[in-house]
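Enquirer: Sequence:
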Amino acid sequence: MREEVEEVLETLRPMLMADGGNVELVDIDDGVVKLRLVGSCASCSSSTMTLKMGIEKALKKAVPMVRCIEAVE
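Counting in this note's numbering, the sequence shown runs from 4 upward without gaps.
What the hints contain is simulated information worked out from the structure, not anything from laboratory work. Don't take every hint at face value.
Said to hold, decoys possible - With a straight-line cut-off of 30 Å between C-alpha atoms, the simulated DSS-like cross-links for lysine-lysine are:
1. LYS55 x LYS37
2. LYS60 x LYS37
3. LYS64 x LYS37
4. LYS37 x LYS63
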């Protein structure tokens with residue numbers, strides 16, 4: 004499952020990097036994907052929207068075992 008999640012994140016990274024940010028996969032625990040936003044994404048006021056409406060939606064579509072995502076510091 005980790006490889007599948009990383010593959011999806013790789014497709015999303017160019018968009019995040021274009022704005023000076025990135026995302027790191029921290030852990031996966033029972034379908035909960037723990038991510039860390041870095042760079043300008045970490046302090047962006049839209050980061051919650053990016054996580055839920057962008058990254059989580061893409062992960063759930065591509066990897067059905069993903070239940071949700073959580074942001075970690």
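Enquirer: Evaluate each hint against the coordinates.
Expert: We went through each hint and held it up to the structure:
Our distance criterion of 30 Å between C-alpha atoms is met by LYS55 and LYS37, whose separation comes to about 12 Å. With a CA separation close to 14 Å, the supplied pair LYS60 and LYS37 stays within the 30 Å bound. At most 30 Å may separate the alpha-carbon atoms for a hinted pair to count; LYS64 and LYS37 meet this at roughly 17 Å. Distance hint between LYS37 and LYS63 is fulfilled; the C-alpha atoms sit about 13 Å from each other, no more than 30 Å.
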